[in-house]
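From first to last, the protein sequence lines are chains D and Y.
Under the numbering used here, the first sequence has 14 at position 31, and the numbering climbs by one with no breaks.
Under the numbering used here, the second sequence has 464 at position 202, and the numbering climbs by one with no breaks.
Be aware that one or more of the hints could be misleading.
Partner residues are not named here, just some residues of chain Y that face chain D (Cβ under 7 Å, in silico) [what the hints assert, rightly or not]:
hint, residue
1, Met263
2, Ile264
3, Thr452
4, Ala453
5, Ile454
6, His531
7, Gly533
For each label pair, taking beta carbons as the anchor points, the in silico distance ranges come out as [stated by the list, open to error]:
hint, chain 1, residue 1, chain 2, residue 2, range
8, D, Gln436, Y, Gly441, 55 to 61 Å
9, Y, Ile358, D, Arg(-1), 51 to 57 Å
10, Y, Ser470, D, Gln436, 30 to 36 Å
11, D, Cys709, Y, Asp504, 24 to 30 Å
To be clear, the hints were calculated from the coordinates, so they are not data collected in a lab.
All residues carry an ideal CB built from backbone N, CA and C; glycine is no exception.
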Amino acid sequence: MNLPIKPPKLDQAVGRLTGQAIPRLEDRRFLTGRGRYVDDIVLARQLHAHFVRSPHAHARIVSLDLSLARTAKGVVDAFSAADLAELGDIAPNWVVPGSKVKGRPPLARAMIRHHGEAVAVIVAESLAEAVDAAERVEVVYEPLAVLADQEAAMAPGAPRIHPDLADNVATRFPVGKGFDEAAQGADLRVAFKLRNQRLVPFPMEPRAVNADFDDATGRLTFYCAHQLPHLLRRMLAAAIGFPEQKLRVISPDVGGGFGPKMHFYPEDVVLAVLTQRLKRPVKWTETRGENISATTHGRDHVTHIEVAARSDGKILALRINSLANVGAYLSSMGSGVPTVNVALFVLGLYAIGHVEVLITNVYTNTTPVDAYRGAGRPEAAYIIERTIGRVALELGLDAADVRRTNFVAADQLPYRHPTGIGLDSGQYEATLAKALEQADYEAFRAEQVVARQEGRLLGAGLATYTHSCGVGMAELMGPIGFDRGGFESALVRVHPDGRVTVLSGAHSHGQGHATTFAQIAADELGVPFEHIEVLQGDTDLVPMGVGTFNSRSVSVGGSAVKIAAARVATKMRKLAAHMMQADLEGVVLEAGLFRTTGGNATLTIQELGRAAWTGQGVPRDLGIGLEETEFYHPHAMSAPNGAHIALVEVDIETGEIALRRYVAIEDCGVVINPLLARGQIQGGLAQGIGQALYEDAAIDAEGMPVADPPIPRSDMMPWMEIDFVCTPSPNNPLGAKGIGEAGALGAPPAIVNAALDALWPLGVRELDMPLTPQRVLAAIAAATAGRERA
Amino acid sequence: MIPVDFDYVRPTDLAVAGAILVEAAPGAVAVLAGGQSLMTELKLRTRRPQLVLDIGGIDALRTIEQVGDTLRIGAMVSQADLARHPVVQDRLPMLIEVAAVAADPMVRRRGTLLGAICQADPTGDWVAACLVLDAVVELRRGDVLREVAMQDFVTGARETGLQPGEIATALRIALPVTGAGSAYRKVRHTAIGWSIAGLAAMVEIDPSGRCADCRLAASGALTHPQRLTALEDRLRGLALHDTPTLAQVIGAAMSDLVFQDDRHASAEHRGVRLSVLLQRTLADLAG
Ligand SMILES: Cc1cc2nc3c(=O)[nH]c(=O)nc-3n(C[C@H](O)[C@H](O)[C@H](O)COP(=O)(O)OP(=O)(O)OC[C@H]3O[C@@H](n4cnc5c(N)ncnc54)[C@H](O)[C@@H]3O)c2cc1C
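Just chain D, with the same shape it has in the complex (with noise of 0.2 Å):
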């Protein structure tokens, strides 16, 4: 992973508007309930279309009638695999070297892999006639033993998923070596296990598809909840074999994504082909219960970890065996979340010289497992962090020491790390220093001494982490076999009015580009930021681009926007110096009106715009028009880190954990508006905190997900106390880094780590998340219990 890549010299200049917590543009269409969501299309001519799922995780389908379906009132036409033979299984977008791939097929045919797969589809006049017809679908199914851990469908005998496959496994990923001799003379070797449960993600708005064939124009409107819009179009294309130029995705306002929207999906290739068949608009939107078991879920990891360390702290080596369960089928990014988004990043922000890693991704009869907030990260920030804790409580050694003892250093920066990711810039002391300060550390370690002995447990959980945003480059994505681009594109059109449009091939979910992405513009441009309309999420409007994911938007997308508009503020200039008779150098342009440092003539940007856009009075070879593209393709990613303290209590009796504190010090580089990053971080914060405390896909013997997970609602948040340091990412013209991810990466450790400085005297030395109550109990009771036995 380690190429010779030039970065760009960075341009420092912070224009007035970068850095200002303006908030959000986008805001009142949204609080005011006018938001356009998929959903809220209803085209002419509208049918709607409901699948049938099946109830059992594993099972062959001994028989399937759709006959009084299809007679059933309001149905226009009920469809199983037979009847769409023409689609093949739905091929990842992303498929590590070596992967068995077993696609997702767009109907189960024969066989059920995991519950809630769809057996077939009925397409009505009314949602609700779909609905009632599905009760007149007779299927019979022949249930299957159902292997839903990973662990279990790795036991020697276990049956296979995939029976053509020699067994379970659909990826082996080994990465590093060594451990066994750099742990030779370690003061401390321990081995333990964790595991990383389960998450089912929740957008606030499922997935929503609305397919519009138009038979006079062969043209397909395909309106679609996602993250990707060209990608989708591009996958979508190939998959049931349409013309590119005449599939047009439109993604409308997205309500959150959090990765399970950038993923393709059997019902995305359905309702293509349906419309195509039916020749009118088909649309489906997920129910809840849909969004559990046919929308792809989050980590799963069952790990094993090996740590020698010195009796100062200082880490030798690791060694990491994973078990990534993957579910049924592989979605999108389903074999390389698990194995290069962890592998590659279990060393954090830490110079540990050894480290040897295996994953082994894993079929089993669930949902498929994909990319969902941090996509990996998370899961490898878990392992190292969880492991530095481990060792410090082993030791008896200050948690934050031994993180200091194992920073990568100042002047080592920018460094790689043995697994090949690089970390280009950051203040990782000074960052965990802050920490410590907000959170009154040593204060709270005293209260600490006294609270033990009055036999009330307090604990203080730390964690660093790292990833690598703003995939990303070309040349890194091929060989690990990513298809899909690295770049984004930023159009930017001055009018002839002055005002200004911004198409940019990144999409917001949420995150709030139509605000962040005008700051920058408008940085450039010189013009009012109320003057900037930003639109994404039309592959007929925008300019090819990649989408939003892996907090990509800002340091990718919003850098092709400053690239694109500051072209466009120089052919300004160039324009205004020639109609002012001045030069270059002394041209200036303040909220929509051009002066001359020397002399008092002045020009107006409509005047600007008038010429530019008719040409008249400018030179052929400045050309036509105020309008450039760029596709900005990075030339190396960035590290964003922080450093995240949880201070708690613990109740003896009931097993509750309160979280009494909690402090997050991010550095995302230059951040470009404080209000939207913080959002970002509290949005990330609770789902890492749901994590630590409280959900989990639960998926039971039979195969079923819980159907009412945990999810943290805000009044189960703590106050956040959240500050930045900023190292500016020399790897983008903005300086950004990406923050989107940090609080799912950082929180999940941080707990668990508080969680188990407060129970270490106890004897407890592991814990699973989620902390739930009675586990906590257990655990407690399993120490007692061991200490009385010794």
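Using the hints, position chain Y with the ligand against chain D.
Relative to chain D, chain Y with the ligand alone:
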């Protein structure tokens, strides 16, 4: 999440509603009050009535009246309105505590007290509180009226003494004499905030600090909301400040109870949580 087809009526007259119910086949009609339980059941298609009888149009059911030392709460009084009522604020602070922890403001705005009682959910907070308040349910079948004490009305998980054709018209609560302390405490499970152990308690303490009388009911922990009568008996005369004895008495009473066991909490954990809740609440009420 779409109900099966059903007919819908919204009479304004209680007699009309009563007549519809009496004439209907058992199970064919669903009474709709605030809809906070019923709508979910309809949408999940676990209830498939032919007719939904909305009693929201009957103004006579919307009153709260004080008759002497009794408060009479009509079937369409929302939980939110109930918690705001001056007499409740003055004399029934336990119901205010329930309103603070049962569901959320939107549910309480629509949900009725009687609806929650008729639903008799195993985790029903309102049910546990009304058990401790010794409330009485007024029922009506056509022109025939009868009344049933809460203890006899809630017979099991989602099981009540409501007979076919009957409608609950009001709940009567005898206002407690001053001097008794009360509390409603609840351990929520994190999914949607229902209780895994809830405790309604009313305790009278005599001048020596002993328990003169008490009434206790649990929600969420047991198979359905129930009075903890055996424990009540053992607590009378006990010094509630005597923590070890209190713990012992509570522990002994727990062993006779049958706890719910599900994904949200094991039976054992529910037992622990109810015990701790009892210990802490009684200690608080002892002052
Ligand atoms: C999100 C959510 C969270 C909740 N959390 C809690 C909680 O924490 N604690 C808690 O205790 N409850 C909780 N509830 C439940 C809620 O308090 C009650 O179920 C609800 O308010 C019942 O009252 P209703 O008026 O809405 O009844 P409805 O839903 O209209 O009716 C409930 C049932 O009772 C019957 N019924 C209603 N009124 C009468 C009548 N007068 N005569 C005969 N039959 C009748 C109906 O036919 C139906 O079967 C929650 C509900 C929701 C939706």
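Quick rundown of the hints versus the structure:
1. Met263: Cβ of Met263(Y) sits 5 Å from chain D, so the hint holds.
2. Ile264: holds (5 Å)
3. Thr452: Thr452(Y) check passes; min Cβ-Cβ to chain D is 4 Å, inside 7 Å.
4. Ala453: At about 4 Å, which falls below the 7 Å cut-off, the nearest Cβ of chain D leaves the hint on Ala453(Y) intact, so it holds.
5. Ile454: holds (6 Å)
6. His531: holds (4 Å)
7. Gly533: violated (11 Å)
8. Gln436(D) x Gly441(Y): 55 to 61 Å: violated (40 Å)
9. Ile358(Y) x Arg(-1)(D): 51 to 57 Å: holds (52 Å)
10. Ser470(Y) x Gln436(D): 30 to 36 Å: This hint holds: roughly 34 Å between Cβ atoms.
11. Cys709(D) x Asp504(Y): 24 to 30 Å: Roughly 60 Å apart at Cβ, these two residues miss the hinted range, so it is violated.
Of the numbered hints listed earlier, those contradicted by the structure are 7, 8 and 11.
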